[in-house]
Amino acid sequence: MLLRMSSLFLRTLRDDPADAEVPSHKLLVRAGYVRRVAPGIYSWLPLGMHVLKNVESIVRDEMNKMGGQEVLFPALLPREYYEATGRWTEYGDTLFRLKDRKGADYLLGPTHEELFADMVKGEYSSYKDYPVTLYQIQTKYRDEARPRAGILRGREFLMKDSYSFDLDDDGLKRSYEQHREAYIKTFDRLGIRYKIVFATSGAMGGSASEEFLAPTPTGEDTFVACHSCGYAANAEAVTTPAPAARPVAGAGAQQVLDTPDTPTIETLVDHVNTVHGLSITAADTLKNIVVKITTPGSDKVETLIVGIPGDREVDFKRLEAALAPGEPAIFEAEDFAKHPGLVRGYIGPQVLKDLGIRYLVDPRVVTGTAWVTGANEPGKHAVNVVAGRDFTPDGTIEAAEVRAGDACPRCGSELSIDRGIEIGHIFQLGRKYADAAGLDALGPDGKPIRITMGSYGIGVSRAVAVIAEQAHDQLGLVWPREVAPADVHIVGTGKENQIEVALQLAEELTAKGLRVLVDDRAGVSPGVKFKDAELLGLPTILVVGRGLSTGVVELRDRASGTKEEIPLAEATDRILAACS
RNA sequence: CGGGGCGUGGCGCAGCUUGGUAGCGCGCUUGCUUUGGGAGCAAGAAGUCGCAGGUUCAAAUCCUGUCGCCCCGACCA
1 MLLRMSSLFL RTLRDDPADA EVPSHKLLVR AGYVRRVAPG IYSWLPLGMH VLKNVESIVR
61 DEMNKMGGQE VLFPALLPRE YYEATGRWTE YGDTLFRLKD RKGADYLLGP THEELFADMV
121 KGEYSSYKDY PVTLYQIQTK YRDEARPRAG ILRGREFLMK DSYSFDLDDD GLKRSYEQHR
181 EAYIKTFDRL GIRYKIVFAT SGAMGGSASE EFLAPTPTGE DTFVACHSCG YAANAEAVTT
241 PAPAARPVAG AGAQQVLDTP DTPTIETLVD HVNTVHGLSI TAADTLKNIV VKITTPGSDK
301 VETLIVGIPG DREVDFKRLE AALAPGEPAI FEAEDFAKHP GLVRGYIGPQ VLKDLGIRYL
361 VDPRVVTGTA WVTGANEPGK HAVNVVAGRD FTPDGTIEAA EVRAGDACPR CGSELSIDRG
421 IEIGHIFQLG RKYADAAGLD ALGPDGKPIR ITMGSYGIGV SRAVAVIAEQ AHDQLGLVWP
481 REVAPADVHI VGTGKENQIE VALQLAEELT AKGLRVLVDD RAGVSPGVKF KDAELLGLPT
541 ILVVGRGLST GVVELRDRAS GTKEEIPLAE ATDRILAACS
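If you count the first sequence from 1, position 341 lands on 341 in our numbering, and the numbers rise without skipping.
Keep in mind that the hints were calculated from the coordinates and are not lab data. Small disclaimer: the values here were computed from a predicted structure and weren't measured. Backbone N, C-alpha and C fix where the C-beta goes; we use that ideal spot for every residue, glycine too. Some hints here could point you the wrong way.
What follows is a list of derived Cβ distance ranges for each label pair [said to hold, decoys possible]:
| hint | residue 1 | residue 2 | range |
| --- | --- | --- | --- |
| 1 | Lys195 | Glu482 | 13 to 23 Å |
| 2 | Ser580 | Pro74 | 39 to 49 Å |
| 3 | Ser560 | Arg148 | 45 to 55 Å |
| 4 | Lys173 | Arg14 | 45 to 55 Å |
Model the full structure from these sequences, guided by the hints.
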């Protein structure tokens, strides 16, 4: 492959685009890889296209190696498939909907579980046919409330999604493991630094689920990691280790204190310490948050109270994940009006049994622990309220915020917190979609076997942005070789026969199988060419310039910045060696 | 949906307070010079100032409305 800058459809920009915030967005636009068309929607120019295709072919290669078979579904889909699983309504505003000329409802596919399940049902009917794994690399559409960060999170994006179909849970586990291995190989080849973390399976149902997160400051997922045992989990999936229960017998007697004007934890702690002579911290208090929960497809509204240590905030994402598919909402003043038993700011769990309200607590609230909490009267709090004696929770819930330094649920060491971008997600779906499609295989005994599915995704276009996000410096992009638009960038600086020699070298290297970009532009100053070479970010740069008069050219490594003068005669071999 | 900001040649921006001939840098075209770090000189092309209405002798500028975009948050298999 040989690209000539003199005719390449490319214009680099000297300034950052005004609408770009994150490095990948700025650089991909400046270097002429992509251009914005509409919010969250981008065009790919020739150089960007090469990178996208390279990423895509690595993903395809690894999928084929693990035995996946490629198919392609339409992006434009009729409503019926999503009606069957309820997702036409459940997916909400994120679904791109449209009508055809007859007024029939269509959508642009955000993900294709329904279609895959239906296709397998149409073709396969015997247990002898299974297992099977199918995948596609297709443009997906999601009408995100707020697309951002360039192609890192667009409304149109390229995604590889695959689905495994197995007869039983063991088979599903094997398919899941195969995908996990394939993903590791894929992301390693892409040169992406990533972390595999436990994830919640959320409303999709199913059990085991892991995300591949690329740690970057611009990431929108929060995850914890333990550097001692290797445990890592999405913040929504972190479990809190519970301390050992204590005997209730030794606890002091419950006592109600006057605590006027102490609706917040801070004022409460201050008040009881200065006025009542206690010495407590916010962590000794138990704060109780009221939420109302609605469930999609149901009119029922449940009231729930969540008790967490007073030094922590409620993490709404964790709360939602814990209650899925239920959707929690904040209890408003009007809701309190309907529940006279709940005294806003002074709620304690002592009376919840009588009120018939479900009460879930943070795992740290174990039997025998004593708390300072509301006394269910305005201006009064109770101390020595002991779990298992003065109240009995209905269960535990992971709703409190996670902090750096919290104990690892596996080994007890300190957890660290980082942000990352989701680049892959694997999970064991189970039978939700097979149930909806009625996907059965006829077993050896003549009875139907309900198929169990796994679902696995890789954001292909997002991976391009993630690589740019992780691999760049002040000067520009620094592509890993396998995804770079070409192996080597040859700069002919323009005096005498320099461009001529550069083109000759380019031909030679192309003949040897290298992918070459040669800057053969006439009348462009060397400075411009160097800047462009650094901005475009090919891994190897060869300068055919002033040294040519003494028979040498300059070999540069983009990533390390090292430069070396080498004899022209050795250039081909040296570049081949550098690119291998 | 809440908060903030911005719409002026292809890109990045100034001009708006105080109404009066639309400007700068980059890029582009032509010529000459230049050629190892985003060259110099000269001459050019290119803009319904987001849109609509209003005030005025006169609106990029003031008023009203409207549309769009960006950022933060909410939201997001």
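* To do: Tell me, in ascending order, the numbers of any earlier hints that this structure violates.
  => Checked against the structure, the only hint that fails is number 3, while the rest are satisfied.
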